[in-house]
Each structure stands twice: as C-alpha cells, then as structure tokens.
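Participant: What follows is the residue order along each chain.
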Amino acid sequence: MLAYALRRLFLAVPLLIGITFVSFLVIHLAPGDPAEMQTGDVPAEAKRAYEQLRKEFGLDQPLPVQYWNWLKRLVRLDFGKSFAPHGRPVLTMIGERLPITLLLNVVEMLIIVALAVPIGVLSATRQYSTFDKVTTVFVFIGFATPDFWLALLLMILFGIQLGWLPISGLRSMNWEYMSFWQQQWDFLSHLALPILVATFGGLAGFSRYMRQSMLEVIRQDYIQSARAKGLAERVVVGKHALRNALLPIVTILGLSLPGLIGGSVIVEWIFAIPGMGQLMVQAAFERDYPVLMGNLVIVSTLTLFANLAADLAYSLVDPRIRVSRRRR
Amino acid sequence: MARRSLARLGAVLALLGLAAGCTGEAAVTEGQTGANTPAYGDTLIEASIGNVSSLIPNITSDQASRDVGTYMYNGLVTLGRDLEIAPELATSWAFSKDCLTLEFKLHPGVRWHDGAPFTADDVVFTYETTVDPKTPSPYRSDYQDVERVEAIDPHTVRVTYKKPYAKALLSWAMSMMPKHLLEPYVKTGKLRDAPQNWTAPVGTGPYRFKEMKSGEKVVVVANQDYFKGRPNISRIVYRIIPSQATIFLELKARGVDVAGLTALQYKRQTEYPAFQKAYNKFRYPGSGYTYLGFNLKDPRFADRRVRLAIAHAINKQELLDGVVLGLGREATGPFRPGTWADNPNVKGVPYDLKKAAALLAEAGWKTRNPEGLLVKDGKPFTFELLTNQGNDERKKIAEIVQASLRDLGIGVDIRILEWAALLKEHVKKRSFDAMILGWGTGADPDQYVVWHSSQTGPDELNHISYKNPEVDALLEAGRSSCVQADRTRFYHRLHEVLAEDQPLVFLYWRDVMPAVSSRIFGVNPGAAGIKWNQDEWFVPKYLHRYTAG
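These protein sequence lines are chains A and B, in that order. The numbering of the first sequence is this note's numbering, which starts it at 1 and goes up by one. The numbering of the second sequence is this note's numbering, which starts it at 1 and goes up by one.
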C-alpha cells in the first residue's frame, strides 16, 4: 500500500513538469504579450517603453530559457511577481483570493452531497415512480440551464422585484457601520444567490451519478440475498446497497477537489465576487504569465493529489481492488 | 493625440461609459424635504468593469487606475468642462514668446496627505521619475522634448523645451508624486515595490486612501485639508463589477450611483417612473467618431467629386437613428463637438442624391450597365467595404452604406474581418478599397499622426494615404504653437479644409449616456464628461443615504 502510494507520488513529478511545460508553451503562444497590453499601441513613442517592459519581464529571452528560469524559481517555491503595474507577489494575490472561493465551493459541495445522495437513492429505489420522473425532469432542467442566465433571473427576482437579497459583491456599502451580527447576516445574504446558482447546476450531475450507481448495486445478487435473509428494506438499502453505491461517488468527489480552488468563473464573474476564478480570467486577459502559471501549478498539483487520494481511498473501501493488486 | 480605434479603444470607451456608479437610494419619501444646498457627508458608489492595477497613476494606463488616481492625486493643470486647461496645483503659468520656456507658479500651502508640504521639488521629481528609464511609465514620450525642469524657488517651476511643443501644458496634468516618500524606490528602479503603489498611496488630491480590497473595491474618504476646500461627498466606494449586466441590475436596484447606459438601456429599459425618479440621465458626445474611409491610392477615390458624391448619398440622420437609436450626432470633422478646436460653422454634407449623381457624372461615371451599376472605361463601379468583427454598429453602417450606394449605381461588397487580420493584412498593407472604422480623440486636438502626409508608412496611422499640402501646413503650425488663440485659428481652418475635401466621410460621434443618482447635485456634463467637477458634487442633507464621516 505504502509502496504503491510512493510510486504514484514519484510518478506525479514528471507529470507535473509536463503539465507546466505544455501550459507555459500554450500561454506564450497566445497572441499579444503583457508588455504590449500595458504600453498600448500609440505608435513609435511606445516602442521604447514596450522593449523595456519586455526586458524587465524577461520576455526578450528565448522561450526555453524563460521556462528554465521559471522552473528554477518554482523549485524554491518562488512563484514570482505579477506583471501588472502593482507587481505584487503571486502567492499573496492567490492568498487573498483563495478563502472566499474555498468557502463558496465547500459550502456548495456540502449542500450538493447532502441533497444529491438522498435524491439519487430515492429515485433509484423507486425507479419510474412519480418522484423519479419529477427529479429526472428537474435534473435535466438543471443540466440545461446556463449559470449566467439563471443568475441574472434570480438577481432580477430576489434583488429587484422582491428586494430580499443583495445583487452582487460580498458586503453592503455601509458594512463598516453595522453591528457584528448585522455584518454576519449581511455577508450570508450576499452568499445566498451565488451558492444557490452554483448548487443548482452541480446537483443535477451528482444526483444522476448517485441514481445510476445505486441502480447497478440493487440489482446485485448480494442485495437479493440480503433481502432473502429477511432484512428490513431500510437496512438493505441503507447499509448494504448504499455503501457500495457510494464508491464511484468518492472518485467523483476527489476529482472535484481542484474545482474547489479553481473557482467557478461564471458565478464569480456575474456576482462580482473577488475569488480565484476572477483572478485567473483577469490574468488571462492581461497576459499576466506569472499569475496564470502560479494558479495552474496549484490547481494541477491538487488535481494530481486528489486523483491519488481518490485511488487510495478507493482501495481502502473496496477490498476487490486491494486483492487484485496484490495478485498482480 | 488620435488613437487607433481598436477593439481595445472600444473597451476603453466602454469603460469610460461605465466608470460611474452610485448607490442612489434617493429615497425622497413624500413630505421629507429640505433645501437643495451643498452639505458634507454621504457616500458615492461607482462601478467599474475593470480592475485597479496600481495606485500610482503615472505607471498605469487603464481606466480604473486612472479614475481612482484622480481622487487622490492632482496635476499642475487639469481639464475643465469643455476640455479647456484649468489651473490645479499651479495657480498660473506663462510661456516665453518663443514657446520654449514655460513657468508655473505653484499653489502655496498645499500639503500631501501625510502632512508634508508640496513644493517645486516634487514637480522636478515627478518629471525625473517619468523620464527615468528605470520607471515603467507609459507617459515618458510626453516629456521627450523637455530639455530641463528646474525649481526656481519652492513655488516656481521652470520647464525648458528643445522645440515648441503644443501639448506642453497638457502634459503637466500628470499626477504629482511625493518626492519625500518615493525617491529611494525610484532611484533603485523599484517604484512598483513602494507601499504607495498598493497599500498606502499619498497624493494631494480631494480624497485620501482608506482601504483597498483587491478585485472588490477601493474606498477613499474626503481630504479635510484639500487645498481647494473639502469635497462635499465624504466617501467614495469604487466597486469592481466585471459584468456589465450586473452593473445594470445594480443600477436598477439602486445599488450603484453612477453607471453608463447603452443606447438600448437609455431609450427603452430605463423609461419607467421609478428609474426616472431615482436617476438623472445625461447625454453628451463621446470622444470617438466613426467614419467611412477610402483608400486614396485608388484613382476612383482620389477624385474628390467621387468622395463627395458618396458623402451626399449617405443619409446620416437615418444612419444615426438606425444604428445608435439616434443617440449621437453627425460628425462634420475630426474635432470633438463643443471643444475649442471644433469649428461650429462647418456644416455637414447634406443628403442629396441628385447632387451625388451629378458629381459622379462630372467625374466621368455616366453610363450604367445592365445590372444598374455605373461604368467608366468599361469597368463597373464596385468596391469592397471592410470592417472589423464584433462591432454590430459598424456592420449595420456597412449595410446602410451598401443600400444607399446601390441606388446611386455603385456596388458594395461587405467583408467583415477579425480585428488583427484586418489591421495586419489590409490596413497596414494599404490593401483595401474602403473601410468603416473609428478614431478616438484625446484632450489635445493635435492629429498630426492621422492626417499628415509624412505619416503614411505601414506602421503609421494615415491609413487612407491622405496628402494635402494645406493640411500639412496647418497641422505643423498647430502642433508647434503654444498660443491657444493661434491654434484655434489653425484647427478651425483645418476643420473647414477636411470638410470640403472629404478625405473620408465623417459619420457620427456616439453619445455617452451615464445615469447618476438623482440625490446627487452639481453634475454638469460637458465635452470632458461628467467627472471633471466631481469634488463639487453634493447630496443635500435630507437626501443622505449612507453614514460616512
């Protein structure tokens, strides 16, 4: 087990380097560079400023040299400084954006799991019932609804027509003058709509996976024998079937981990939430290479780890996997 | 200075339009009234789609940083309502007869936000910083003709130029930077690392920095010791809202106090009583015009009569109505309406199909072929009209031009190209017949780079290859004089010449349409927009909505 984990970990290193190399290449292939973005295209006069910025950013060097320098810094965990005029360290920038994105996505994920598992189980055990049909329709609506559209509709309904919830941002403009509890309430009410929108889309997928997985399990022979033993249906479904049906969900959850950090670009964009998603998009528009690469490294490292963790967890919960590996 | 009306300029313009938002809960409940007199207090909430990239405006070129910079910093001069140059940190200035020296008298008793006095040394420092090769400033070229800048005494600065430079005065609208705080950073080329760049900016402006939440907002509060007197509105929250749709919804919910409207929003989506009560809508010409440009190397278009005929054949009012719902004004030349360089006596080319046909006949385009196209020397009159992708307005214009010219016997093929391809393959190589594009104009009317015959190279901006000795002479005279009365004469004449010659068909100036919360008084829109007198805006006491200092 330990050897397996170590080997996987060891293999992850070249993979990570490969990912960064390809990303680096692709990012630099995009037309336009940060120096151009900042000096504008006022003719001739801007030429000098442009050349100088390129030099300052190290963009005048050949691409392999740039990559090597970047990699050398990365080994020392130096993510570099942003190319934007404020020139702040990439880690600081990510640090101030991460908490809100994490908060949003963790809450969203918890709600999704809490709702998707019972919905999936119920619609699987009562396949083709009214409940199953209704949730199926609901789920497909959820799949088909674009985030931004739903967000705008909800903003109009709750923000303008009813006036119950704030439309965008994280805090009201007079937040400093509120009492402690008012501040908490204010913050929560700002999160309500973004979480609702994000949950709606995610719920659809997850409850479908759960239903599918459950359907497969309850057709197995051991479920049949559990029933034959005379166990209560509640125990059959809740204990014997559910545990097994949860296996694939563990994998999917693991794979969703990087998404917790990558952020949901559209939700952050439309609700004006200063999180990781917005940071990435902004950096992409400005060709802010260090921020882009920093973000990418963090997200891809997490993806690799999450993958690994999911595999390990899988082998822990599923004896068949452990056994087959030993045999090999 | 004219800038290429790129997609990017389009973005800047959009930003300009949007960079205003306020939390106008103008909750004028019935019976609650008071005098509409200036009072201190309340908060103004603006919205911007762009992020602030630095708090030292001298090293940035984006609109959001510039907006926030204007709150905290001052230049020696500033721009007034009609883009005229007005005193700010300098109380007065004088050019020498030969325009080579410029002397500023500084406002006495001005203090930086940290209490240190502002002196002539700071002006010299700002100049030296800007031209220092170690400073990443996009404004260095403003000072390329400066020979030296000296502090004569603490309140007098003398600038000596190598040659007369018309934009000399305007270049001193640059934000002044505090020498006592920034000098060590500038010397080592680490201006970006200075705390003033992000966490603790210090200027002389009407507002002091309060807090900044990256990607969320910048908050500034009134500077009690502002040398022009404390601004009325106590606090400004500059919110970053990246989605335009969200800004409009916030506006409807009265969550922002100032925001730009699109033509559709202005005309159709804000015409209901609640909105009209909560906001005042303003309208004034923007800084860019749209034109139909010809390749003057093409012998057909080199003939003035043909260009004039095409100008006569386009109904500009119909164009305005169809394309921007009438929210713009006909362009007669390249100077922003209402500014000093604009010659109000120049009239546009009227819509007159008969005259157009007569002019074409005079130019030799008389007979028509079976398809109804005019023919000369056996060739029908057809040309390709290019414009860039993603600009719906320009696409519509192209279609209207196509329909209008069809009646006249000219066939137009429209081709819409991605911006970079249009620029690289056609505009720069001068391989086009005609195109619909736009020009943005700056605060100074000098447009040497657009119209002068020396500027026709591939990377230069005289795309249409226009060559006119009188225009050249006027442009040269205009940019080398420092006397505004003379420059006005040159530009008024230039405006006339361009209108007569129609090197391109000037179509229209699009309007900018901000909505400002009705609880805010003192907004006075002009060519400079609405924000030029923002420190004079006020909210009468009985309309205050937010608690603020």
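Check each hint, because a few of them may be wrong.
To be verified - Simulated pairs of lysine to aspartate or glutamate, EDC-like, Cα-Cα distance not exceeding 20 Å:
#1 B:Lys-134 - A:Glu-51
#2 A:Lys-55 - B:Asp-193
#3 A:Lys-81 - B:Asp-433
#4 B:Lys-355 - B:Glu-500
#5 B:Lys-187 - A:Glu-56
#6 A:Lys-55 - B:Glu-500
#7 B:Lys-395 - B:Asp-377
#8 B:Lys-163 - B:Glu-418
Unchecked claim - Simulated DEER-style distance windows between Cβ atoms:
#9 B:Ser-431 - A:Leu-103: 54 to 64 Å
#10 A:Ser-179 - B:Asp-114: 26 to 36 Å
#11 A:Arg-171 - B:Lys-281: 34 to 44 Å
#12 B:Ala-361 - A:Asp-60: 38 to 48 Å
#13 B:Lys-281 - A:Lys-72: 12 to 22 Å
#14 A:Asp-60 - B:Ser-431: 53 to 63 Å
#15 A:Thr-136 - B:Thr-382: 38 to 48 Å
Just so you know, the hints here were simulated from the structure itself, not pulled from any lab data. Computed from a predicted model, the values in this text were never measured in an experiment. Virtual Cβ for every residue (Gly too), placed ideally from N, Cα, C.
Participant: A separate judgement is required for each hint: does it hold in the structure or not?
Facilitator: Hint-by-hint comparison with the structure:
no., hint, result
1, B:Lys-134 - A:Glu-51, "12 Å, holds"
2, A:Lys-55 - B:Asp-193, "18 Å, holds"
3, A:Lys-81 - B:Asp-433, "47 Å, violated"
4, B:Lys-355 - B:Glu-500, "15 Å, holds"
5, B:Lys-187 - A:Glu-56, "16 Å, holds"
6, A:Lys-55 - B:Glu-500, "48 Å, violated"
7, B:Lys-395 - B:Asp-377, "32 Å, violated"
8, B:Lys-163 - B:Glu-418, "41 Å, violated"
9, B:Ser-431 - A:Leu-103: 54 to 64 Å, "55 Å, holds"
10, A:Ser-179 - B:Asp-114: 26 to 36 Å, "33 Å, holds"
11, A:Arg-171 - B:Lys-281: 34 to 44 Å, "29 Å, violated"
12, B:Ala-361 - A:Asp-60: 38 to 48 Å, "59 Å, violated"
13, B:Lys-281 - A:Lys-72: 12 to 22 Å, "57 Å, violated"
14, A:Asp-60 - B:Ser-431: 53 to 63 Å, "32 Å, violated"
15, A:Thr-136 - B:Thr-382: 38 to 48 Å, "58 Å, violated"
The earlier numbered hints that this structure contradicts are 3, 6, 7, 8, 11, 12, 13, 14 and 15.
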